[in-house]
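Asks: Okay, here's what each chain looks like letter by letter:
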Amino acid sequence: MNWSSFKYLAHQGLHSLRANRLMTVASIGVLTACLILTGIAGLFGANINSLVAYLGDQNETVVYLETDLTEEQIAQVDTAIRSMTGIASVTYMSKDAVLETYKGYMGDSASLWDGFEGSENPFMANYRVVLEDLSDLDAKVAELEAIPGVAQVNPPTELAGVFLGIQKAVNIAAWSLVVVLVVVSVVVISNTIRLTVFSRRKEINIMKYVGATNGFIRMPFFVEGMTSGFISGCIASAAVLGGYALVLYFSARKLSGLWATVIGASLLPMGQVWYWVVGGFILFGVLIGSLGTAISVRKHLKV
Amino acid sequence: MIVFENVTKVYPGGNTALKDLSLHIRKGEFVFVLGHSGAGKSTFLKLILREEKATSGRVLVGGKDLTRLKEREVPYLRRNMGVVFQDFRLIPTMTAYENVAFAMRVTNIPERKIRTRVPYVLKLVGLGEKMDCLPEHMSGGEQQRVALARALVHSPQLIIADEPTGNIDPELSLEMMELLSAINSVGITVVVVTHEHELARRFHKRVITIDHGHLVRDSEPGKNGWGVHSDEAGDEADAPLGEVRL
Ligand SMILES: Nc1ncnc2c1ncn2[C@@H]1O[C@H](COP(=O)(O)OP(=O)(O)O)[C@@H](O)[C@H]1O
Ligand SMILES: [Mg+2]
Numbered sequence: 001m002n003w004s005s006f007k008y009l010a011h012q013g014l015h016s017l018r019a020n021r022l023m024t025v026a027s028i029g030v031l032t033a034c035l036i037l038t039g040i041a042g043l044f045g046a047n048i049n050s051l052v053a054y055l056g057d058q059n060e061t062v063v064y065l066e067t068d069l070t071e072e073q074i075a076q077v078d079t080a081i082r083s084m085t086g087i088a089s090v091t092y093m094s095k096d097a098v099l100e101t102y103k104g105y106m107g108d109s110a111s112l113w114d115g116f117e118g119s120e121n122p123f124m125a126n127y128r129v130v131l132e133d134l135s136d137l138d139a140k141v142a143e144l145e146a147i148p149g150v151a152q153v154n155p156p157t158e159l160a161g162v163f164l165g166i167q168k169a170v171n172i173a174a175w176s177l178v179v180v181l182v183v184v185s186v187v188v189i190s191n192t193i194r195l196t197v198f199s200r201r202k203e204i205n206i207m208k209y210v211g212a213t214n215g216f217i218r219m220p221f222f223v224e225g226m227t228s229g230f231i232s233g234c235i236a237s238a239a240v241l242g243g244y245a246l247v248l249y250f251s252a253r254k255l256s257g258l259w260a261t262v263i264g265a266s267l268l269p270m271g272q273v274w275y276w277v278v279g280g281f282i283l284f285g286v287l288i289g290s291l292g293t294a295i296s297v298r299k300h301l302k303v
Numbered sequence: 001m002i003v004f005e006n007v008t009k010v011y012p013g014g015n016t017a018l019k020d021l022s023l024h025i026r027k028g029e030f031v032f033v034l035g036h037s038g039a040g041k042s043t044f045l046k047l048i049l050r051e052e053k054a055t056s057g058r059v060l061v062g063g064k065d066l067t068r069l070k071e072r073e074v075p076y077l078r079r080n081m082g083v084v085f086q087d088f089r090l091i092p093t094m095t096a097y098e099n100v101a102f103a104m105r106v107t108n109i110p111e112r113k114i115r116t117r118v119p120y121v122l123k124l125v126g127l128g129e130k131m132d133c134l135p136e137h138m139s140g141g142e143q144q145r146v147a148l149a150r151a152l153v154h155s156p157q158l159i160i161a162d163e164p165t166g167n168i169d170p171e172l173s174l175e176m177m178e179l180l181s182a183i184n185s186v187g188i189t190v191v192v193v194t195h196e197h198e199l200a201r202r203f204h205k206r207v208i209t210i211d212h213g214h215l216v217r218d219s220e221p222g223k224n225g226w227g228v229h230s231d232e233a234g235d236e237a238d239a240p241l242g243e244v245r246l
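In the order they appear, the protein sequences are chains A and B. For the first sequence, this note's numbering gives the first residue as 1, with consecutive numbering after it. For the second sequence, this note's numbering gives the first residue as 1, with consecutive numbering after it.
Just so you know, these hints were derived from the structure itself, not from any lab. Note that this is a predicted model, so its numbers are computed, not measured. Idealized CB from N, CA, C, for every residue including glycine. Hints are supplied without guarantee of correctness; some may be wrong.
What the hints assert, rightly or not - Lysine to aspartate or glutamate pairs mimicking EDC-like chemistry, simulated, CA-CA at most 16 Å apart: (1) A:K202 x B:E71; (2) A:K302 x B:E52; (3) A:K7 x B:E98; (4) A:K95 x A:E66.
As the list claims (entries may be wrong) - Derived CB-CB ranges, DEER-like: (5) B:D65 x A:A10: 34 to 42 Å; (6) B:K123 x A:N2: 50 to 58 Å; (7) A:W3 x B:L134: 26 to 34 Å; (8) A:L14 x B:K123: 45 to 53 Å; (9) B:G128 x A:H15: 56 to 64 Å; (10) A:L14 x B:L134: 31 to 39 Å; (11) B:E73 x A:F44: 52 to 60 Å; (12) B:R115 x A:Y249: 56 to 64 Å; (13) A:S176 x B:R115: 53 to 61 Å; (14) A:H15 x B:R115: 19 to 27 Å; (15) A:G29 x B:K123: 46 to 54 Å; (16) A:N171 x B:Y11: 36 to 44 Å; (17) A:S176 x B:Y11: 44 to 52 Å.
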């Protein structure tokens, strides 16, 4: 195809966008809404995945010691835990250290804990044991429980289980949503193109008689559909990234305590998501635009 | 140029538009196809344009068997033919120039060629002064000439006109026919479909009459007035589309 014909046919397609203004706005609107919802679902899913990964790294098994242990007994437990294999790290938390951590979680309300200093401290001294491999969990827990002087072992199973469940549900929901929205967008785009086929039927008829090939006859429709998809991708990128920037801003400013620690550590930074969002939306929009066009052209354009 | 061999066309739904039609139009001929409304004239043209396919029999145009032509070859076949319709089929939002240029733009012809070719064919049909007029500002005769210019733009070997005078005044239709005669005089084959006996009679040309899908008369002006056309010159039938240029 030579450049002047290409320009001419592309211009025809862009002209249809303007000529069918109402349907164009409607289809770009629906596609944009679909992309935004898909983007939110995708970002939510990605952040849940990141949160689960973060919690996986925090797989601390908490080992509580009996309260009435002597210094030597504590030292023995210490040696026993540290000599185990398959352990990534061991941290000893004295009663005072535990209290300090809780004060940190409470943020502004930390003073509530003021009455629990020293001998009033209700917490138990413990060890935070991080395993190298979570699949060893059950064996390692049994091993820890067998150490004399250990009162209780709290493995991270429940928390991990809860978040794995959320992750699974979010992933399923996100993908079902994406499938539904893709179908809706394709239907709307193909209907818009159908209207263009109808309004340009005279030109199409003439093109056939003067010997235009099918590719030439179809091209303006693809330009129209793909441009709609591209515009939707741009609008949706701007909207979703704008919204995500707000989420990041508020989670940095307004959250405190435990939430700030957990969410702050696992929210993906803008620098890590923007190109996925922009690239994905534009690619996705253009793909849906051409898919919708292809369906409509196949059905309504007898060439 | 055009050969029909026992062509039958039955439309889906059972309408038989043409029945066992055989004829031969030689290169450079000027032929009228005459018949009442519903006789099958348009179907005859649609088979030549490969808009429809014959139900049985063979259709050859310029040596190509259209019943075997691949779908993707059809556009290239049509670039060797120019068509003119009763209703002109101009794009109302485009000037005469743009309407003619359209045919070239959608067939991958560079702009440089379009700029010289379009004014040339418009002058040829006598519309040199009206290039920038919209169809609504032109008479029916002028619009039909724009359509003819568009049909000529690819230098076709064959011009097909379906009731070209149906929507224009009698004097203007004469003018149109004279234009087609002039085009024929440089060697381009012309097939004019009409239901007007008068028009066909006025020009002393071959007349093929179709009635209810049957070829009922094929006559050309012979030594003793109107004689039945005998198909002795089967020689050029399979010649490829020639190199006549307009
Ligand atoms: N697309 C079609 N489908 C079914 N029947 C058709 C179609 N086109 C034409 N016909 C029928 O075929 C016959 C011939 O039509 P046509 O070739 O258009 O005649 P003419 O051009 O001589 O008026 C008519 O009976 C018409 O109703
Ligand atoms: Mg007809």
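Asks: Does each hint fit the structure? Answer for all of them.
Replies: Comparing the hints with the structure gives:
1. Taken as a hint, the K202 (chain A) and E71 (chain B) pair is broken in the structure, with Cα atoms around 21 Å apart against an allowance of 16 Å.
2. Straight-line distance between C-alpha atoms of K302 (chain A) and E52 (chain B) comes to about 13 Å, which keeps the hinted pair within the 16 Å bound.
3. At most 16 Å may separate the alpha-carbon atoms for a hinted pair to count; K7 (chain A) and E98 (chain B) meet this at roughly 15 Å.
4. For the hint linking K95 (chain A) to E66 (chain A), the alpha-carbon distance of about 12 Å falls within 16 Å, and the restraint holds.
5. A hinted range of 34 to 42 Å holds for the C-beta pair D65 (chain B) and A10 (chain A), which are about 37 Å apart.
6. A hinted range of 50 to 58 Å is violated for the C-beta pair K123 (chain B) and N2 (chain A), which are about 25 Å apart.
7. As the Cβ distance of W3 (chain A) to L134 (chain B) is approximately 28 Å, the hint placing it in 26 to 34 Å holds.
8. For L14 (chain A) paired with K123 (chain B), a C-beta distance near 32 Å fails the hint of 45 to 53 Å.
9. Restraint check, G128 (chain B) to H15 (chain A): a C-beta distance of roughly 29 Å breaks the suggested window 56 to 64 Å.
10. With their beta carbons about 22 Å apart, L14 (chain A) and L134 (chain B) fall outside the hinted range of 31 to 39 Å.
11. Between E73 (chain B) and F44 (chain A) the CB atoms are about 53 Å apart, so this pair conforms to the stated range of 52 to 60 Å.
12. The supplied range of 56 to 64 Å is met by R115 (chain B) and Y249 (chain A), whose beta-carbon atoms lie about 58 Å from each other.
13. For the hinted restraint 53 to 61 Å between S176 (chain A) and R115 (chain B), the CB-CB distance of approximately 56 Å keeps it satisfied.
14. At about 21 Å, the CB distance of H15 (chain A) to R115 (chain B) agrees with the hint of 19 to 27 Å.
15. Taken as a hint, the range 46 to 54 Å holds for the pair G29 (chain A) and K123 (chain B), whose Cβ atoms sit roughly 49 Å apart.
16. A C-beta distance of roughly 55 Å is found between N171 (chain A) and Y11 (chain B), which places it outside the suggested range of 36 to 44 Å.
17. Between S176 (chain A) and Y11 (chain B) the beta carbon distance is about 47 Å. The supplied range of 44 to 52 Å therefore holds.
The earlier numbered hints that this structure contradicts are 1, 6, 8, 9, 10, 16.
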